[in-house]
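Visitor: Given next are the chains, with one letter for each unit.
2 protein chains.
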Amino acid sequence: MKTAVNSLGRIVPLEVPGAGAFEPYSSPFGRIAAASGMRSAPKPVRAAVPCRDKRAKSLRDAIEKSGLRDGMTISFHHHLRNGDAVIPMVLAELDAMGFKNLTFAPSSIPDAHDCVADYIRSGLIGKLYTSGVRGELGKLLSSGEADIPVIIRSHGGRARAIEEGSIQIDVAFLAAPACDCLGNINGVQGPSACGSLGYAITDARSAAHVIAITDNLVEYPLSPKISIPQYLVDQVVVADSIGNPAKIATGAARITRNPVDLKIAQDSFRLMKAAGVVQPGFSFQMGVGGASLAVASYLEEYMVEKGIVGSFGLGGVGGYMASMHDKGLFRTVFDVQSFDAVVTKSMLSNPNHIEIDASWYANPFNAGAVVNNLDCVVLAALEADTDFNVNVLTGNDGVLRGASGGHQDAAAGAALSIVVCPSFRGGVPSIKNRVTTITTPGETVDVIVTERGICVNPRRAEVLEAALKAKLPVIDIEKLKGEVEKLTGVPEPIEFDYDRLIAAVEYRDGTLIDGVYAAK
Amino acid sequence: MKTAVNSLGRIVPLEVPGAGAFEPYSSPFGRIAAASGMRSAPKPVRAAVPCRDKRAKSLRDAIEKSGLRDGMTISFHHHLRNGDAVIPMVLAELDAMGFKNLTFAPSSIPDAHDCVADYIRSGLIGKLYTSGVRGELGKLLSSGEADIPVIIRSHGGRARAIEEGSIQIDVAFLAAPACDCLGNINGVQGPSACGSLGYAITDARSAAHVIAITDNLVEYPLSPKISIPQYLVDQVVVADSIGNPAKIATGAARITRNPVDLKIAQDSFRLMKAAGVVQPGFSFQMGVGGASLAVASYLEEYMVEKGIVGSFGLGGVGGYMASMHDKGLFRTVFDVQSFDAVVTKSMLSNPNHIEIDASWYANPFNAGAVVNNLDCVVLAALEADTDFNVNVLTGNDGVLRGASGGHQDAAAGAALSIVVCPSFRGGVPSIKNRVTTITTPGETVDVIVTERGICVNPRRAEVLEAALKAKLPVIDIEKLKGEVEKLTGVPEPIEFDYDRLIAAVEYRDGTLIDGVYAAK
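Sequence lines, in order, name chains A and B.
When we follow my numbering, the leftmost residue of the first sequence carries the number 1, and every step to the right adds one.
When we follow my numbering, the leftmost residue of the second sequence carries the number 1, and every step to the right adds one.
Quick caveat, the hints were computed from the structure, so don't treat them as lab data.
Take the hints with a grain of salt, since some may be wrong.
Since the list can't tell identical chains apart, any single copy or any two copies may satisfy a pair.
What the hints assert, rightly or not - Result set (DSS-like, lysine-lysine): computed pairs, CA atoms no more than 25 Å apart in a straight line:
(1) Lys471 x Lys2
(2) Lys345 x Lys225
(3) Lys65 x Lys127
(4) Lys327 x Lys225
(5) Lys247 x Lys345
(6) Lys100 x Lys432
(7) Lys520 x Lys345
(8) Lys2 x Lys127
(9) Lys263 x Lys2
(10) Lys247 x Lys225
(11) Lys100 x Lys247
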């Protein structure tokens, strides 16, 4: 395998067998500035003779009519989270039909879907394009036993890859919570309602063939909201159930009581205030983890007290953001992916709760995704290093157990990107000399907040100055690392076999920011 | 010029110099069935470095930054109708900047825009792709004096041409009634509100560069409706005015009192009833002409009386359709283009008044445009012939004075297509042996209703039977023609010079259904 060392010092392949050539990562915006004039791959023209009912007799019938062949690319969306029944249903059918060597290209893989590992073993899946890999699948891939090409992309990077033609979807299978017989779809009605269909919209626009799978066939035309219009959908399959509502529509997460998370959240919020981002018209994205949610609660209190109204909240939208929107603290919510049942209801009833597709959210190759307009984002991390690079993909053992998600995208776009992270977890320090895998380059991470102090990226002198002026507990990242290592000891570094690539990790612009290699 | 005779007996060019090769028309759905496997032209990849404000200093500045060069293709939308100030504004600027030989590719040209003729004379416009040509422009082109390639396309055909790459828009100029500094746009707010932006959405998705021009810059993000998202818009130009509200937002048209139109409308409605299309769940499109509107009034009375609720109204939506929707007579309105101020308000406030793009409306090359689901459409005509072919493009003198519009699309898609037409106009019979120009093939026209009787296409035996059973005034089309000619005389046929092509007329599938030639 030919490799190169990228600008972050990481060994990356120049070609992934079966997945093409890649450039090494160089800088957050260099390739964007240079991409003008590139042209996308030609797209198949769809031309269907008029029909009044696109229902297929069965899933198998739909697959047969789709023209799917061995070696082609299939896509799915992960909006139904761990309640999703469509990925297992379709993969089982494809396996039973004897398909081999498909490229499996979902927007991400719900944690519960260990079955994906089985279908790699069976030869059904011969290549994997995803945002995240966890559980059984992560173990299988990291063991090196299943030697298939794996490309990890961020949500914005996947949209870019689809639009530029790096991912050419032959058949998209869409879990459709509400669908009519001609394929108009939304995600906000029915027993398997999941809210936004942001990632699915992108797939439907670009796939050569689209099969909607629904357990909620409604009278034509679907109303009052159409997220994916009929002209993008070729066939409709009616199934008994596309998901387990209890696992799709989880209740809103509670604010953490963990004192470490609360301390991190409080300091993060104080930093936001000190840096001057919490102003009328400000825009915000947060994760749904304990500390992120707690930041929002401090933020909410302050906005109410000061009468501040923000312009928009963005995400991955959870119930807390939807509730701040309902209270008028943000004028608009842009929602590419909803995290709980409250959000689904808000999207159905509130016209300012706007469903956005993956390109609108985060694609770096367009005239301006909304992440570019973020004043502040609060993001989690598995680990970070003293160059502020962040890893959200692999564990301390080097095993795949995370997802790129919108991390790279929001960090690059936001004026102030804050990474929240306890200083150690399970006896292992979170700040390293070198993270196991870089998913987000340090150049785009402005601040790392731990319960032991706030590390400000030296590239952001004005933020450092503001934090010091506000007498926040600022600490040099090397010093923090040393303090933590006094408590935990210095973990033994993992040795990797750089001849055995497990997964290539794309930066959002399509260059390779890192490789995941087999541990020796 | 190499020509061929198509299946309707029309001489059509096999190549239009500067506009490429064309196939002759053969049948309404033949090419659609054969098009699978075609691939679109590669699209330019847009990649803009993050920015928080896309406002250009001036229109000229925006044009300079757009990369526009002589010979390139520019597009516009015609949703502002005769109130549009953007086409004249931009063409004047381009002319002043010295551009030459541009392909002018608007969705259509408002009647008032005689300036387009001037810019053909000046050499600014070297090629014309449009749906319609009227007034001064029609006279100029038909005179043969301005020898430039002209391609006439239906609204669905234009969407197809854009998506397949036959039209490659280099710079789209979008009149934007409401717009924020990053280019989120809607058509329903502000002094120049025009309702749906259906045609503009298609342009924005496919153009290499998009410039929004607005007289209503709103706080970011635009709310509560975004029709064209920021990621498709490269630059924003703020102008004093993009239109004359009095000419954009005309009041709802009144029902005609013309007895000829009323007779035609009444018989059309009786035919709809007899043919059994007015059932619960039925779907309908109508024009905004006198007779069409009167059909709707009969229909409304009947639906109220019988308690019938239709599934959807489609169009080109005027106030009458919006009002039937408000009264609950249709569950949904699909709106690609709004015709008056009432419609704009309805679209803003009613979630079941759904804005659709041109592909959703009528593109024949996708998984199913909504015209395919029409139970009935009522369409106007300039003239028809005894084969039921219809002309909506050229006058009795052969001069361009009409528009292809959605006529071909709706006629092909609807289960019952009714053409309404007085039997003669200004002393000239409307039914000919051969229409001057075929825009809509007779195979897709089921019935022609005149005040002197109803002509049913022999291809639709079951409709004829139903009409006879209901004792409607059915008349053979040859007989009708004879009767009218007794009153008016037989008009002198126009002689054409088939070596002098004025315009090529596409069928919606991209084949040539006819040519417009210079009169001898």
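Visitor: Hints first: check each against the structure and report whether it holds.
Guide: Okay, the hints, checked on the actual structure:
1. Lys471 x Lys2: Neither, since 50 Å and 82 Å both go past 25 Å.
2. Lys345 x Lys225: both (12 Å within a copy, 18 Å between copies)
3. Lys65 x Lys127: Classified as within: same-chain Cα gap 23 Å, cross-chain 42 Å, threshold 25 Å.
4. Lys327 x Lys225: both (23 Å within a copy, 20 Å between copies)
5. Lys247 x Lys345: within (16 Å within a copy, 40 Å between copies)
6. Lys100 x Lys432: neither (41 Å within a copy, 61 Å between copies)
7. Lys520 x Lys345: neither (49 Å within a copy, 67 Å between copies)
8. Lys2 x Lys127: Classified as within; 19 Å inside a copy, 50 Å across copies.
9. Lys263 x Lys2: So Lys263 and Lys2 fail the 25 Å test inside a copy (46 Å) and across (80 Å) alike.
10. Lys247 x Lys225: Result: close within a single copy only, 24 Å intra versus 31 Å inter.
11. Lys100 x Lys247: neither (30 Å within a copy, 61 Å between copies)
Hints 1, 6, 7, 9 and 11, counting from the list given before, are not met by this structure.
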